[in-house]
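Trainee: Here is what each chain is made of, one letter per residue.
Number of protein chains: 2
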Amino acid sequence: MVGKLDESLLRDVGPFRRLDRAQIREILDLATPRRFDEGATVFREGHDADRFYLLMDGVIRVVRTTAGGETVTALHIPSGQLFGIAQALRRETYPATALCARESLTLSWPMGLWDRFSARYDGFAEEGYKTVGTRVGEMNTRIVELATQQVEQRIAGTLLRLINQAGRKVEDGIEVGFPVTRQDISEMAGTTLHTVSRLLSAWEKQGIVSSRRRHITVTDPHRLVLIGEGR
Amino acid sequence: MVGKLDESLLRDVGPFRRLDRAQIREILDLATPRRFDEGATVFREGHDADRFYLLMDGVIRVVRTTAGGETVTALHIPSGQLFGIAQALRRETYPATALCARESLTLSWPMGLWDRFSARYDGFAEEGYKTVGTRVGEMNTRIVELATQQVEQRIAGTLLRLINQAGRKVEDGIEVGFPVTRQDISEMAGTTLHTVSRLLSAWEKQGIVSSRRRHITVTDPHRLVLIGEGR
DNA sequence: CCCGGTGTTTGTCGAAACGCAACAAGGGGA
DNA sequence: TCCCCTTGTTGCGTTTCGACAAACACCGGG
Chain A
1 MVGKLDESLL RDVGPFRRLD RAQIREILDL ATPRRFDEGA TVFREGHDAD RFYLLMDGVI
61 RVVRTTAGGE TVTALHIPSG QLFGIAQALR RETYPATALC ARESLTLSWP MGLWDRFSAR
121 YDGFAEEGYK TVGTRVGEMN TRIVELATQQ VEQRIAGTLL RLINQAGRKV EDGIEVGFPV
181 TRQDISEMAG TTLHTVSRLL SAWEKQGIVS SRRRHITVTD PHRLVLIGEG R
Chain B
1 MVGKLDESLL RDVGPFRRLD RAQIREILDL ATPRRFDEGA TVFREGHDAD RFYLLMDGVI
61 RVVRTTAGGE TVTALHIPSG QLFGIAQALR RETYPATALC ARESLTLSWP MGLWDRFSAR
121 YDGFAEEGYK TVGTRVGEMN TRIVELATQQ VEQRIAGTLL RLINQAGRKV EDGIEVGFPV
181 TRQDISEMAG TTLHTVSRLL SAWEKQGIVS SRRRHITVTD PHRLVLIGEG R
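From first to last, the protein sequence lines are chains A and B.
Under UniProt numbering, the first sequence has 192 at position 192, and the numbering climbs by one with no breaks.
Under UniProt numbering, the second sequence has 63 at position 63, and the numbering climbs by one with no breaks.
Calculated directly from the structure, the hints in this document are not laboratory data.
Take the hints with a grain of salt, since some may be wrong.
[Claimed, not checked] If we take Cβ atoms under 8 Å as the criterion, some of the chain A residues that face chain B in the derived model are: (1) Pro78; (2) Gly80; (3) Gln81; (4) Arg91; (5) Val136; (6) Val144; (7) Leu146.
[Stated by the list, open to error] A short list of chain A residues far from chain B (calculated; beta carbon distances all over 10 Å): (8) Leu28; (9) Leu30; (10) Phe36; (11) Arg64; (12) Ala88; (13) Met139; (14) Ile143.
We put the beta carbon where it would ideally sit given N, CA and C, even for glycine.
Let the hints inform the model, and build the full structure from the sequences given.
Mentor: So, in structure tokens, the structure goes:
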């Protein structure tokens with residue numbers, strides 16, 4: 001097992017921001033840290049929701065799988081956020097599967113502590129619900145996009161969301177901060193990797209994006225916004 | 001203004017089930033009852049979330065409107081449920097618009113009372129969060145459907161959901177319990193009214209559904225389930 | 001260095017679904 | 001009763017996408 005975790009780890013993380021040193025100490029002493037490889041599964045859809053997590057570093061991809069075996073990516077979670085907080089909505093099982101889009105570090109606690117943390121620590125429940133609220137908003141937006149927009153607009157929207165959530169400024173634009181394949185993007189936009197590939201090729205010719213294997217850089221975000229709005 | 005509301009109104013309604021007579025009395029005395037015509041707006045997307053509601057009777061349709069003016073129906077709310085509970089997720093504005101799919105009766109309270117109710121009344125917050133949890137689950141399902149299924153399957157799924165949530169047993173099957181147009185269904189399934197019309201005509205010929213103007217009856221739900229699964 | 005697996009590109013083809021348009025059928029109000 | 005407006009139907013042309021297929025690029029391991 002690991003030695004004592006340092007209190008500075010949680011000092012600037014949303015749900016714990018209002019707590020004092022001693023409280024953070026208590027919380028850390030109850031936490032289980034863990035490292036996950038890229039592609040590893042943190043928890044699975046339908047399984048008993050026995051723990052909740054805080055993402056310290058990395059990116060989590062939340063996916064659902066259909067009866068037919070197809071995969072749909074619901075959202076990505078950046079570091080510093082809680083996830084797997086089924087208990088907040090009084091669910092007994094996880095509603096989706098959480099994968100690591102790249103190597104990730106988590107802290108986790110038994111779900112039984114959720115209500116205790118909520119009662120004892122100022123701002124903890126508050127932050128948790130805000131997180132849920134934000135995600136519900138995002139889901140809503142996705143529904144509207146899927147229902148009304150064409151594939152081209154949806155892919156543009158998907159790329160923009162990716163660089164917003166996990167973008168890294170690089171020399172010629174903004175790069176998505178974790179490895180993404182065409183397949184991944186197709187699962188986010190609800191289309192096929194073929195269509196994504198074609199479209200990215202076209203955009204690359206127009207100088208809107210540039211991509212290497214598993215890496216995508218948006219060089220002209222403004223154009224992408226226009227495309228997303230339907231020209 | 002209306003006279004005193006009767007306590008039996010809330011006795012069997014989810015969020016208040018665990019309360020005693022006196023508590024229900026307190027809550028009712030703070031409530032504002034209101035009747036809405038079919039098609040009336042209860043609250044609008046983006047407006048200040050100043051009240052939360054309980055649907056006593058009727059059906060609420062939750063919709064979002066795109067920049068381009070298209071409408072997408074997110075879900076329907078049956079009577080007995082809380083809605084407009086933005087405060088539970090610490091939102092300051094309503095995330096969507098609530099319309100009445102038919103004549104409806106609501107009680108409502110100032111949003112400021114949400115936290116007071118949560119603290120004071122056993123099971124109130126619990127029920128609220130469960131409701132949110134259920135709706136999040138439904139939204140997730142819709143995302144998966146929109147992303148992976150074809151129009152035919154989505155329309156089948158939409159119809160099944162409608163009769164589950166607001167179905168009324170009639171002589172030759174199960175009827176949707178409020179007026180629905182082809183346009184409405186297209187907004188739920190993310191397609192056009194033309195496609196819906198064609199499909200319903202075809203299904204009517206096959207004896208799966210029967211419809212009159214603004215009324216739809218499913219006569220063979222099992223067949224519809226098969227279609228929804230892709231045959 | 002070669003080899004296999006994974007990820008990507010590109011082309012062709014056809015079906016699904018949409019837009020347009022014209023028309024039919026009810027229903028409610030004057 | 002008549003008229004108008006909303007709702008529903010249907011045919012046709014067009015576009016968009018997905019299915020299939022073949023080949024190539026990149027990467028790590030033996």
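Trainee: If a hint holds in the structure, say so; if it doesn't, say that too.
Mentor: So, going through the hints one by one against the coordinates:
{"no.": "1", "hint": "Pro78", "in the structure": "violated (19 Å)"}
{"no.": "2", "hint": "Gly80", "in the structure": "violated (18 Å)"}
{"no.": "3", "hint": "Gln81", "in the structure": "violated (15 Å)"}
{"no.": "4", "hint": "Arg91", "in the structure": "holds (5 Å)"}
{"no.": "5", "hint": "Val136", "in the structure": "holds (6 Å)"}
{"no.": "6", "hint": "Val144", "in the structure": "holds (5 Å)"}
{"no.": "7", "hint": "Leu146", "in the structure": "holds (4 Å)"}
{"no.": "8", "hint": "Leu28", "in the structure": "holds (26 Å)"}
{"no.": "9", "hint": "Leu30", "in the structure": "holds (23 Å)"}
{"no.": "10", "hint": "Phe36", "in the structure": "holds (23 Å)"}
{"no.": "11", "hint": "Arg64", "in the structure": "violated (5 Å)"}
{"no.": "12", "hint": "Ala88", "in the structure": "violated (7 Å)"}
{"no.": "13", "hint": "Met139", "in the structure": "violated (5 Å)"}
{"no.": "14", "hint": "Ile143", "in the structure": "violated (6 Å)"}
Hints 1, 2, 3, 11, 12, 13, 14 from the list above are not met by this structure, while the remaining hints are.
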